[in-house]
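Asks: Chains as they are written, first to last, in this note's numbering: chain A, 65 to 362; chain B, 7 to 330; chain C, -7 to 316.
It should be emphasised that the hints constitute simulated quantities derived from the structure, not laboratory data. Just to be clear, a hint being listed does not mean it is correct.
[Claimed, not checked] Computed far set for chain B versus chain C, every beta-carbon distance over 10 Å: (1) W67; (2) I113; (3) M223; (4) Y225; (5) F228; (6) G236; (7) V242; (8) V313.
[Stated by the list, open to error] Here are the simulated lysine-lysine pairs, DSS-like style, with alpha carbons at most 27 Å apart: (9) B:K97 x B:K130; (10) B:K13 x B:K128; (11) C:K115 x B:K246; (12) C:K270 x B:K222; (13) C:K192 x C:K131; (14) B:K13 x B:K130.
Since the model is a prediction, treat every value here as computed from it, not as a measurement. A virtual CB, placed ideally from N, CA and C, is assigned to each residue, including glycine.
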Amino acid sequence: MRLPLLFAAGTPSRRVLADFMRSPAAVAGLAVFLLIAVAALAAPLIAPQDPYALAQLDIMDGRLPPGSESMAGFTYLLGTDDQGRDMWSAILYGMRISLGVGLVSAVFACLVGTFLGLFAAYVGGRTESLVMRLVDLQLSFPTILVALMILAIMGKSIVNVILALVIVEWAYYARTVRGAALVERNKEYIEAGRGLRLSGARLMLRHLLPNCLPPIIVIGTMQIARAIALEATLSFLGLGVPITEPSLGLLIANGNQYMQAGLYWISVYPGVALLLIIVSINMVGDRLRDVLNPRLNK
Amino acid sequence: MFLWLTKRLSQAAMVVLAMTVIVFIGLHLLGNPVDVLLSPEATALERERLIADLGLDRPLWMQYFAFLQGIWHGNMGTSFVFNMPALDLIKQRLPATLELAMAALLIALVIGLPCGLVAGLKPKAWYSRLMMSGSVLGFSLPTFWVGLMLIMVFSVRLGWLPSSGRGETVTLLGVQWSIFTRDGLAHLVLPAINLALFKVSMVMRLTRAGVAEAAKMDYVRFARAKGLSGRRIVGVHILKNILIPVVTVVGMEFGSTIAFAVVTESIFAYPGMGKLIIDSINQLDRPVIVAYLIVIVIMFVVINLVVDVLYRLLDPRVRLEGKA
Amino acid sequence: MTGAVLSVKGLATEFQTREGALRAVDGISFDLMPGQVMGLVGESGSGKSVTGYSIMGLIDEPGRIVEGSILYRGRELVGLTEAQWRHLRGDRIAMIFQDPMMTLNPVLRVDTQLIETIRAHRKMTRDAARDQACRALEKVGIPAPQERLRAYPHQLSGGMRQRIAIAIALLHEPEIIIADEPTTALDVTIQAQILAEVQKLAREQGTALIWITHDLTVVAGLADTVAVMYGGQLVEQGRVVDVLDRPLHPYSAGLIASLPSSNVDARRLAQIPGMTPKLGEFPSGCAFRTRCSRATPACHAVPAVSSPAPGRTFRCFHPMEESR
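Bound-form chain A, shown alone (with noise of 0.2 Å):
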């Protein structure tokens, strides 16, 4: 059963919807990331401190618990690190490269890997052996690894971390894609004989991809929470983000060793916060499985 999610007001994408809405989880996430979505895209206008602006911060006012006032007049509401930056402004910030970072890698991942499933599933033959076994040997490699290497060679930057996790998920795009596409060439191969080669790769992607729009839609939703983790991860093992570019996970691992301490919120607020990102988006992302393939095992 061929479904069109096409964005347009169709009965479809509505009926999709309807049972989307159906799971108070996958709503409670989906709402509870578009608030994180919101709030870090709005970080330069509610956070009350800039927390790259070095000169701003006092370090008399390093390591104050939640709710300690601060001398500018506002009130740290997670409390302040070792240097004295507010914790809830650095959590902000550090939300938008966690989510930045994310959703970029993802997107471009899914671009890449959707493309090449899309040419291997319509060029076939040898090609398309090749790049599966490219997809294959890609695939068995823990994703942890690979990453690790290519930021050991090339060096850490915003950019570099991107294009790791870039080169981490396209395969499983183009496996998904190119299966999806599959299915689809084969029963249009049957039916319409020779006349598919004279169609053009225009008409083949017309037909092709939006037969495989809904398990891009799900895997894409699980991969950005997958590259969110992922970058939290690196940034943590100290081989992600730069640390003129905090990501929540290079916050977590400042704030790591003052957890002995006793000065636990400077490690577990931005944990909560990346916390509270990835699992809202693995609920839409589950959900979103459960109404969009509902004869496919969970």
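Since the structure of chain A is already known, use the hints to place chains B and C on it.
Replies: Chains B and C alone, transformed into the frame defined by chain A:
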């Protein structure tokens, strides 16, 4: 079977070779290999010697063969930081990581299988739904964060379990094991749980899907029609059918577990291969990185091979393909 | 009827779907005497398989028996617990399914599947059970039973697998065997063999047989009585010779007329007009009225069961004997 095995072995060998080529190219394209393999403080004389040793004046393909030869003989350079052969260093740290990975997989199976079984047999029950929601958390929560939380709760606040290091070890067959000492076990618990979390969710979901599907099959109905007890139906008929895919997936995940041990070992300061590689990357101890890569690739290929063989042995439909 | 081994009265089974409750079986009544072979005939969707499952108590959610009673030697089967059922199934009442590939568990050996049935109902050692299993295979005409026992289901042909299923059903010499289209999935040549064997075995052991099929010719050769189902209702039943010679219900008449053997040479094969509706789309009143040439406005009501002679029943306002 034999024919298939030979084909499979040659396939595996190809993959390893391909990886060596990639690593080799990586070494040479991304900077002067001498700088890569030599400590920054080396003297000019040592440089000359290394160039001669490595044969960097020789054509590229000859260097590649020398590289391969080095691997074959177990010579992959000397660590800058520890001043000992890189391979030996890795061999030293390997048992700790293996112990950790196996403990984690064991936990994942022991918890994941029964929970998945229950959730699959009674999918609408409240506890099944709770477990499935919990499993979403299981694979969403980043491993490092869970590790931090575990430390905070069990080590800092409650003081029940140690938060770093490996504990006492016992030497058996020339290898150091920590599971045989109480202290070693105590040090193993938190890291193993941390590493297992992701796998528990995975095993649970896999088992549940398998059980739910098997329960609808005709042979289950027939088993009931024969008057078999529920315990026998689930314990033998269903279990044997789902065990095959579950075991193979878990087997494949063994490699991934070893890889993810990188994070857990860093957090818990557990002296295994994972921590070694992170430290080496941070300290630019390149020979260790190269050696680690090669070792990991070989391990992965071997694990995949073993799992493939196991699968063929376990599933009678595949095993006896040639016979009837 | 006294002395009947099975007595079904007014059985109705429903399935809950998104569109409401579907009645797969609607008011079925019949009696089965010891050693009697009854053919239950109908197209797919007529409710014949569901009848079989209902008698075995194998109707699961979202279905359930909503009305009626099933008496086995006077004992009520509707509402028995699983534990009580376990004693009956495979021992006193057995069932054979349609597709032998999926009825036998593909990952267990044949001997395991036989031995477990034996030991589920009798205390005996493995070896004694194995001997009994071997003899059971011999009885159904399987050559070299010792080797067959060690085999896996996929190594055997469809006919062989079905014989094994029959052997399993006969293990404890049950009083009733329900066979759900057991030969439909097999070659025509094998069909005849298996039919003959089952008939012989049933006669030898005095087992009552309910043979569910869509094929009237099978019933003609095998059964003592026949019951015809349409739309979940029992539209006609009686002795085979009676029903085939003088069918009372238009549907039975149509079925018989459409048999190739009934056809006079060079004439067009008779067919019942129209198509069987899907479950839930049967017309109200008499389920057959939309395809019946004898239908009148009276047929909008559900016809009651008429019984012109003991054991002969039909449900029709305009049975075939009536002049138009």
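Asks: The structure should be examined with respect to each hint, and the outcome stated for every one.
Replies: Right, here's what the structure says about each hint:
Listed as a non-interface residue, B:W67 keeps its Cβ farther than 10 Å from every Cβ of chain C; the least gap is roughly 50 Å. Chain C leaves B:I113 outside its interface by the beta-carbon criterion, the shortest separation being 27 Å against a cut-off of 10 Å. Remark: the non-interface label on B:M223 conflicts with the geometry, its nearest Cβ contact in chain C lying 6 Å away (cut-off 10 Å). Non-interface status of B:Y225 relative to chain C is broken: a Cβ of that chain comes within 10 Å, the nearest being about 4 Å off.
The Cβ of B:F228 sits about 4 Å from the closest Cβ of chain C, inside the 10 Å cut-off, so the non-interface label is violated. Non-interface call for B:G236 relative to chain C: violated, since the shortest CB-CB distance, roughly 7 Å, does not exceed 10 Å. Once the 10 Å rule is applied to beta carbons, B:V242 is inconsistent with being away from chain C; the minimum gap is 7 Å. With a least beta-carbon separation of about 18 Å from chain C, B:V313 lies farther than 10 Å from that chain, consistent with its non-interface assignment.
Of the supplied pair hints, the one linking B:K97 and B:K130 is violated, its CA atoms being roughly 49 Å apart against a limit of 27 Å. Straight-line distance between C-alpha atoms of B:K13 and B:K128 comes to about 43 Å, which puts the hinted pair past the 27 Å bound. With a C-alpha separation of about 25 Å, the suggested pair C:K115 and B:K246 falls inside the 27 Å cut-off, and the hint holds. For a cut-off of 27 Å, the pair hint linking C:K270 to B:K222 stands: about 23 Å separates their Cα positions.
Only pairs whose Cα atoms come within 27 Å are accepted, and C:K192 paired with C:K131 is accepted, the gap being roughly 11 Å. Proximity of B:K13 to B:K130 is assessed by CA-CA distance (about 46 Å); at most 27 Å being required, the pair is judged violated.
Hints 3, 4, 5, 6, 7, 9, 10 and 14, counting from the list given before, are not met by this structure.
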